[in-house]
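**Q** Sequence:
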Amino acid sequence: MSSYREPADTPSRLSDELKAPLFDPDDSYGPSQDDKRQRRRLKQLLAGQVVVIVALVCYIILMSSIWQAKKNYWIRHELYSPARDAVRYETVVFDSGIASGRTKYQGYPTEENIKAWEDLYNAGVSIIPAEQAAKLPVPSRPHEKVPGYYTIQLDVFHELHCLAGLPTIINRIRMGLWGRESALLEPNNTETITNFNETSMSMDHLSHCIDAIRQSLMCNADISPVPWVWNSKLQKLRPVENSTHTCRDFEAIRLWAEERQAPTWNESVFVPDPLRGEV
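Numbering of the sequence shown is given in this note's numbering, commencing with residue 108 and proceeding in unit increments.
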């Protein structure tokens, strides 16, 4: 009696073959343990590089924003000023102040140049809120007319009015000097004598103004290099008057003060200060 043998390609045998793994674990053609470890190291290296690149990009963006937005610029250990956020820097070529380099602020006092000087310092006295006043290195006093605000003045405006005040208001160096020159040139002219009397000032006050400007120049100590060039007409070396400087943007600071300009008040009225516990 002959025995029956199932063909090799029967469905049951094919099913078993399909269930078999594609690679034998012991098959030398599959990935080795060294390959797997190498792939893991490569993934870890790539992940680390991504982290470093992202951190570097974030750092560059942060530093760039701080450098370019000079809005939040301040010097380490610099005394607090409420106008610090208004500080911007710009490159300025100075005017020589001679011949064609003369500016609108020069010359004998006229309505035009008096107005030009006045516009520089007419922001005058400012007011700041109590939370800013509490940070001042030297305490100020509350403003009489604006509750919760304190009176300050940015020193740049004090220096400018010392240098060139109006004849009928503050009578400072520039006006006093021009009044004296006019009186000397025309001693018999009643108008020039009157002008000299109006622009004269005590030597104590003049000394105060000059020394205030001296201290400011030394405090800010401009280190912009002034080059010397050969002057063929004079046949000698001469400094370049219209040299280039890095300056604070005065207009930005002036606008800051103008926006916070203090209203007129009675300086003789004592206002209790809550920051000193007087209320």
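It cannot be assumed that every hint is accurate.
Simulated restraints on C-beta separations [claimed, not checked]:
#1 Arg321 <-> Glu225: 21 to 27 Å
#2 Asp318 <-> Val347: 27 to 33 Å
#3 Leu186 <-> Cys354: 18 to 24 Å
#4 Ser203 <-> Glu374: 40 to 46 Å
#5 Thr198 <-> Thr371: 46 to 52 Å
#6 His315 <-> Val347: 29 to 35 Å
#7 Ser323 <-> Gln151: 56 to 62 Å
#8 Leu243 <-> Trp372: 15 to 21 Å
#9 Glu365 <-> Arg321: 25 to 31 Å
Since the hints were made in silico from the structure, they are not lab data. Beta carbons are placed, not taken as given, at the ideal position from N, Cα and C, and that holds for glycine.
**Q** Work down the list of hints and note, for each, if the structure agrees.
**A** Evaluated hints:
{"no.": "1", "hint": "Arg321 <-> Glu225: 21 to 27 Å", "result": "holds, 24 Å"}
{"no.": "2", "hint": "Asp318 <-> Val347: 27 to 33 Å", "result": "holds, 29 Å"}
{"no.": "3", "hint": "Leu186 <-> Cys354: 18 to 24 Å", "result": "holds, 20 Å"}
{"no.": "4", "hint": "Ser203 <-> Glu374: 40 to 46 Å", "result": "holds, 41 Å"}
{"no.": "5", "hint": "Thr198 <-> Thr371: 46 to 52 Å", "result": "violated, 38 Å"}
{"no.": "6", "hint": "His315 <-> Val347: 29 to 35 Å", "result": "holds, 33 Å"}
{"no.": "7", "hint": "Ser323 <-> Gln151: 56 to 62 Å", "result": "holds, 60 Å"}
{"no.": "8", "hint": "Leu243 <-> Trp372: 15 to 21 Å", "result": "holds, 19 Å"}
{"no.": "9", "hint": "Glu365 <-> Arg321: 25 to 31 Å", "result": "holds, 27 Å"}
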